[in-house]
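Student: Sequence:
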Amino acid sequence: MSSDTLAANFGSLKGAQSARERLASAGFGRNSIDIVQHGDEFEVSVRARPKNRSRARAALTNNTMSHLADRNGLLSFIEGNMKFSLGVAVLAGMALHHLTHD
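Read in order, the letters of the sequence shown are residues 16 to 117 in the working numbering.
Just so you know, these hints were derived from the structure itself, not from any lab. It cannot be assumed that every hint is accurate.
As the list claims (entries may be wrong) - Using 25 Å as the maximum straight-line C-alpha spacing, the simulated DMTMM-like pairs for lysine to aspartate or glutamate come out as follows:
no.: 1; residue 1: K66; residue 2: D55
no.: 2; residue 1: K29; residue 2: D55
no.: 3; residue 1: K66; residue 2: D19
no.: 4; residue 1: K29; residue 2: D49
no.: 5; residue 1: K98; residue 2: E58
no.: 6; residue 1: K29; residue 2: E58
no.: 7; residue 1: K98; residue 2: D49
Working from the sequences, and respecting the hints, build out all of it.
Tutor: Following this line, the structure appears as structure tokens:
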């Protein structure tokens, strides 16, 4: 079966390494992920089958906070418990307001 290569550029090695970790967490083999430096930028490329392209693209472009939240199930919990989550957010906002305005 053929594989396609997807790539993204990052301004720092740390950003490229984060993308590599997201790809590995998404199920891509570490041997299919490469980081190559081009001047001041770092290119992360991954070999993926056509049916896995969208998953690879999402892992390459996903920011770290949403990736960590999704990996820990936080986003799924918030979506499934919207009223509870909204209530917690309101309470946190009120607590923060009282802490900073007293």
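Student: Now tell me if each hint is right for this structure.
Tutor: Each hint tested on the structure:
no.: 1; hint: K66 <-> D55; result: 32 Å, violated
no.: 2; hint: K29 <-> D55; result: 13 Å, holds
no.: 3; hint: K66 <-> D19; result: 10 Å, holds
no.: 4; hint: K29 <-> D49; result: 14 Å, holds
no.: 5; hint: K98 <-> E58; result: 41 Å, violated
no.: 6; hint: K29 <-> E58; result: 12 Å, holds
no.: 7; hint: K98 <-> D49; result: 43 Å, violated
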